[in-house]
Amino acid sequence: MEIRVERAGDVELVEPHGRIDSASAKEFGDHLTAAINSGSLRLVVDLKHILYISSAGFRSLLIARKLVDQTGGTLILCGLSAEVKRTFELGAFTELFTICATRDEALAKAR
Amino acid sequence: MGFTEVRVRNQMAEIARLVAESERFGREHALPASAIHDLSLVLDEIVGNIIAYGFAPGAESEISIKLGYAQGEISVEIEDEARPFDPLQAPAPDLTSPLETRRIGGLGIHFARSLMDEIVYARVGNKNRLQMKKFLSAGT
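Those sequence lines, one after another, are chains A and B.
Residue numbers 1 to 111, in the numbering used here, belong to the letters of the first sequence in order.
Residue numbers 1001 to 1140, in the numbering used here, belong to the letters of the second sequence in order.
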């Protein structure tokens, strides 16, 4: 997994590439936690280039989601492939996250 | 018709190699993207679980993963020498709690049970053997 980061105004756009697997989930979670703790209160995570998310990856997303709630920030997900969307549904996560279809929609919502 | 075996050490860094092999296997047999996704995710969850919880700290071992494909049927056999563990007996995951109290435990096995069509566990000698099948004709 590789993580690319862009700033769009005061929104941090996080774009992981590859697989959020059992081994790389920690790095992904640490990145999100560090971004939130360093003051990036508006996070958009674009999952367009993600092939799959393991349960460990969902754990990282849940931790980040709780942290932005505590700090008054925003976490918006976008770009879910049909397969990734299916795992969100299997894990009953769709209700717990704000999910947009496209990056533009997510950025508009984050601002 | 095809068959391959991947052997990995009980280290989490091996998951990437295992998944790369399963993706290569899937492409070789022109499996649909959704089936390759499901196979990779399930191997990650099951083998990741064995690596994380199956062994005493510092113990070194190898896990065998056999993949087969014939006539619309993907078959997987995972054998390890970890402590006895039947994933089919694992507690159901938490799918209903709100964000504050949601837990992830059991989710990986829930993914496997949802995405594969058959899962059979056996303890054979000092090994756990997990056999799984996915039928492409079943729709996914």
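Please keep in mind that the hints were generated in silico from the structure rather than gathered at the bench.
Careful, some of the hints might be misleading.
Said to hold, decoys possible - Result set (SDA-like, lysine to any residue): computed pairs, CA atoms no more than 25 Å apart in a straight line:
no.: 1; chain 1: B; residue 1: 1066; chain 2: A; residue 2: 18
no.: 2; chain 1: A; residue 1: 26; chain 2: B; residue 2: 1052
no.: 3; chain 1: B; residue 1: 1133; chain 2: A; residue 2: 88
no.: 4; chain 1: A; residue 1: 26; chain 2: B; residue 2: 1120
no.: 5; chain 1: A; residue 1: 26; chain 2: B; residue 2: 1133
no.: 6; chain 1: A; residue 1: 26; chain 2: B; residue 2: 1020
no.: 7; chain 1: A; residue 1: 109; chain 2: A; residue 2: 67
no.: 8; chain 1: A; residue 1: 26; chain 2: B; residue 2: 1082
no.: 9; chain 1: A; residue 1: 26; chain 2: B; residue 2: 1127
no.: 10; chain 1: A; residue 1: 26; chain 2: A; residue 2: 108
no.: 11; chain 1: B; residue 1: 1127; chain 2: B; residue 2: 1027
no.: 12; chain 1: A; residue 1: 26; chain 2: B; residue 2: 1003
no.: 13; chain 1: A; residue 1: 48; chain 2: B; residue 2: 1016
no.: 14; chain 1: A; residue 1: 26; chain 2: B; residue 2: 1053
no.: 15; chain 1: A; residue 1: 66; chain 2: B; residue 2: 1118
no.: 16; chain 1: A; residue 1: 85; chain 2: B; residue 2: 1016
no.: 17; chain 1: A; residue 1: 26; chain 2: B; residue 2: 1101
no.: 18; chain 1: A; residue 1: 85; chain 2: B; residue 2: 1106
no.: 19; chain 1: A; residue 1: 26; chain 2: B; residue 2: 1013
no.: 20; chain 1: A; residue 1: 85; chain 2: B; residue 2: 1135
no.: 21; chain 1: A; residue 1: 85; chain 2: B; residue 2: 1018
no.: 22; chain 1: A; residue 1: 66; chain 2: B; residue 2: 1092
no.: 23; chain 1: B; residue 1: 1127; chain 2: B; residue 2: 1062
This one's a predicted model, so the numbers in the text were calculated from it and none came from an experiment.
Item to complete: Please work out if residue 26 of chain A and residue 1013 of chain B have their alpha carbons no farther apart than 25 Å.
Response: Given pair residue 26 of chain A, residue 1013 of chain B holds - Cα atoms ~12 Å apart, limit 25 Å.
Worksheet entry | 25 Å Cα cutoff - pair residue 26 of chain A, residue 1127 of chain B | Given that 25 Å is the threshold and the Cα spacing comes to 29 Å, the pair is violated.
Fill in: Restraint check for residue 26 of chain A with residue 1052 of chain B, where alpha carbons must lie at most 25 Å apart
13 Å, holds
Worksheet item: Between residue 66 of chain A and residue 1118 of chain B, does the CA-CA distance stay at or below 25 Å?
Response: 35 Å, violated
Fill in: Agreement of residue 1066 of chain B and residue 18 of chain A with the hint, judged by alpha carbon distance not exceeding 25 Å
24 Å, holds
Worksheet item: Is residue 26 of chain A within 25 Å of residue 1133 of chain B, Cα to Cα?
Response: Status violated; Cα separation ~30 Å.
Item to complete: Could you grab the alpha-carbon distance between residue 85 of chain A and residue 1018 of chain B and see if it respects the 25 Å cut-off?
Response: 23 Å, holds
Item to complete: Quickly compare the C-alpha distance for residue 66 of chain A and residue 1092 of chain B to 25 Å and report which way the hint goes.
Response: The hint holds at about 23 Å.
Worksheet item: Straight-line Cα separation of residue 26 of chain A and residue 1101 of chain B no greater than 25 Å?
Response: Since the Cα atoms of residue 26 of chain A and residue 1101 of chain B sit roughly 20 Å apart, the hinted pair holds (cutoff 25 Å).
Fill in: Holds or violated: residue 26 of chain A to residue 108 of chain A, with C-alpha atoms at most 25 Å apart
With a Cα-Cα distance of about 29 Å, the restraint between residue 26 of chain A and residue 108 of chain A is violated, given a limit of 25 Å.
Discussion item. Does residue 1106 of chain B sit within 25 Å of residue 85 of chain A, going by the straight-line distance between their CA atoms?
Written reply: 19 Å, holds
Worksheet item: CA of residue 1127 of chain B to CA of residue 1062 of chain B, is that 25 Å or under?
Response: 11 Å, holds
In summary, the numbered hints that this structure violates are 4, 5, 9, 10, 11, 12, 15.
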